[in-house]
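Enquirer: Given the sequences, and given the hints that come with them, work out the whole structure.
Quick note on numbering: the first sequence equals residues 242 to 697 in this note's numbering.
Any given hint could turn out to be false.
Said to hold, decoys possible - Below 30 Å or equal to it, Euclidean Cα-Cα: the simulated DSSO-like pairs (lysine-lysine) are:
1) 421 to 444
2) 493 to 462
3) 462 to 421
As the list claims (entries may be wrong) - Derived CB-CB ranges, DEER-like:
4) 256 to 372: 34 to 44 Å
5) 639 to 314: 51 to 61 Å
6) 595 to 318: 55 to 65 Å
7) 401 to 258: 17 to 27 Å
8) 639 to 297: 57 to 67 Å
9) 556 to 323: 37 to 47 Å
If you're looking for bench data, these hints aren't it; they were derived computationally from the structure.
A virtual CB, placed ideally from N, CA and C, is assigned to each residue, including glycine.
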Amino acid sequence: MAKPSLPQGTRDFSAAVVRKRNYILSTIRNVFELYGFQPLETPAMENLETLMGKYGEEGDKLIFKILNNGLNDPKNADKAKEGFEKMMEGKNSPALTERALKYDLTIPFARYVAMNHGQLTFPFKRYQVQPVWRADRPQKGRYREFTQCDADVVGSKSLLNEIELANIYHESFVKLGLTKYQLKLNSRNILTALAELCGGADKMIDISTAIDKLDKIGVDKVKEELLQRGLTQQQVATIEQYLSISGSNVEKLAAAEKLFTGNDAAAKGLAELRYVCNHCENVNIDIDFTLARGLNYYTGVIFEAKAPADVKMGSIGGGGRYDNLTGSFGVPDIAGVGISFGIDRIYDVMEELSLFPDDLQIGTKVLFFNLGEAESLFAFKAMQELRRSGISCELFHETAKMDKQFKYAEKKGIPFAVIIGSKEIETGNAVVKNLSTAQQEAVAVNQLSLFFHNKS
RNA sequence: GUGGUUGUAGCUCAGUUGGUUAGAGCAUCAGAUUGUGAUUCUGAGGGUCGCCGGUUCGAGCCCGGUCAUCCACCCCA
242 MAKPSLPQGT RDFSAAVVRK RNYILSTIRN VFELYGFQPL ETPAMENLET LMGKYGEEGD
302 KLIFKILNNG LNDPKNADKA KEGFEKMMEG KNSPALTERA LKYDLTIPFA RYVAMNHGQL
362 TFPFKRYQVQ PVWRADRPQK GRYREFTQCD ADVVGSKSLL NEIELANIYH ESFVKLGLTK
422 YQLKLNSRNI LTALAELCGG ADKMIDISTA IDKLDKIGVD KVKEELLQRG LTQQQVATIE
482 QYLSISGSNV EKLAAAEKLF TGNDAAAKGL AELRYVCNHC ENVNIDIDFT LARGLNYYTG
542 VIFEAKAPAD VKMGSIGGGG RYDNLTGSFG VPDIAGVGIS FGIDRIYDVM EELSLFPDDL
602 QIGTKVLFFN LGEAESLFAF KAMQELRRSG ISCELFHETA KMDKQFKYAE KKGIPFAVII
662 GSKEIETGNA VVKNLSTAQQ EAVAVNQLSL FFHNKS
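Expert: The following block contains the structure:
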């Protein structure tokens with residue numbers, strides 16, 4: 242037998258980790274619900290056709306494809322061989338694969354909206370918490386299976402939605418203790434304006450991906466990359482001017498306004514940012530004109546949530562507005578805006594900052610000691626009584642030395658021990674020991690439930 | 001997809017220019033006064049040295065390949 246192992250980039254989650262993850266997820270879910278969002282779940286796999294072409298060329302390569310069943314059936318052999326030839330040319334073939342693991346939650350959501358738009362009430366606000374899969378090479382903060390946690394509003398062009406989503410980020414992060422998170426804000430319209438000013442609309446992607454790296458590689462490298470991507474010295478100089486905009490949000494908006502005088506797209510983008518900023522007073526919004534975001538379907542305001550600056554983690558969430566979510570599924574004119582929480586990364590950040598509450602790990606509250614055959618049966622009855630009243634407890638599985646039973650409780654983080662031996666059966670009083678303070682007291686067996694309910 | 005790092009006991013790691021039967025700490029289990037967690041002591045179990053091949057009288061160590069891991073790039077959460 243080969244040693245058992247896990248596929249690259251996937252993880253098991255042990256009890257302690259699951260509890261912490263659930264803490265994050267339920268915190269965020271509660272905020273979503275508070276804002277009137279409804280849950281949605283979609284299958285782990287989608288038709289490959291649904292996903293292909295939605296994430297750009299790079300994204301398509303990272304989709305996990307599922308091999309068709311029955312390829313070894315002789316009657317499929319020719320088709321399968323043909324499909325294999327196509328695959329070697331870098332194309333997909335339905336003869337070989339027609340399903341894939343979902344790559345994000347947005348496209349399956351779009352597919353759902355397109356399929357059900359007749360039945361949905363718009364604006365439709367949904368949240369979705371599910372795993373997604375990417376065939377990326379794993380590294381710090383990057384996994385091949387990870388959980389996404391999205392909230393989207395579709396069927397509304399109101400900027401109030403952006404304001405709500407910014408507030409959802411704020412409330413969630415504050416509740417999790419990440420008070421020093423940063424919420425970067427930009428508008429795709431401003432990037433469009435920049436492209437118009439420097440080489441035309443077709444340079445938009447080149448410019449965006451280059452300037453997005455500013456804080457990572459510095460101005461000089463960005464300029465180098467822009468030149469490499471075919472921009473002229475003069476255009477690069479304009480972009481440098483754009484990148485040098487700094488100050489408070491108000492100052493940045495004013496500076497950009499000056500730079501883009503007379504440009505319609507810029508005026509629209511700046512108006513969006515100004516509106517959102519003006520109505521998000523408590524949110525840690527930071528206008529960042531270098532923010533681009535990879536996904537090519539964003540059309541308006543874009544968000545990126547970053548971990549507190551003292552943690553090396555970068556993005557812990559992102560989102561933005563899109564004009565035409567369902568267009569590629571044959572349903573035009575459904576606009577929307579959404580955000581996503583990177584909960585695996587939020588986990589890592591919270592771990593690094595020790596932000597998880599201590600009491601998350603208490604599962605079993607009381608351990609009944611097993612001090613003999615008759616004693617254990619007596620304890621079992623008392624324990625069942627306690628369980629009926631809602632206290633989580635267990636009886637040590639065999640008669641053993643107390644030392645061993647104490648150690649078991651200690652390792653499992655069980656806060657209380659109930660000791661019932663022959664003496665206790667006689668008197669009807671159990672010994673209850675608080676394992677963290679080492680204090681113990683006698684409690685009548687029929688009063689245990691009351692005793693523990695008063696402890697919590 | 002590109003580049004690099006590291007693979008020795010359950011965990012963390014030693015292991016000399018290549019030289020007998022591969023070690024330590026922690027952890028586990030048993031025992032040291034049969035109803036109170038510590039400490040200490042004694043003992044035990046546990047390794048195809050990631051895998052395959054090569055060089056050599058001899059390989060955990062050198063060489064080639066391969067797999068896994070972590071890190072960085074591309075891209076992204």
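Enquirer: Now look at each hint and say whether the structure bears it out.
Expert: Results for each hint:
| no. | hint | verdict |
| --- | --- | --- |
| 1 | 421 to 444 | violated (35 Å) |
| 2 | 493 to 462 | holds (23 Å) |
| 3 | 462 to 421 | holds (29 Å) |
| 4 | 256 to 372: 34 to 44 Å | violated (19 Å) |
| 5 | 639 to 314: 51 to 61 Å | holds (54 Å) |
| 6 | 595 to 318: 55 to 65 Å | holds (59 Å) |
| 7 | 401 to 258: 17 to 27 Å | violated (37 Å) |
| 8 | 639 to 297: 57 to 67 Å | holds (60 Å) |
| 9 | 556 to 323: 37 to 47 Å | holds (42 Å) |
Of the hints listed earlier, those the structure fails to meet are numbers 1, 4 and 7, in rising order.
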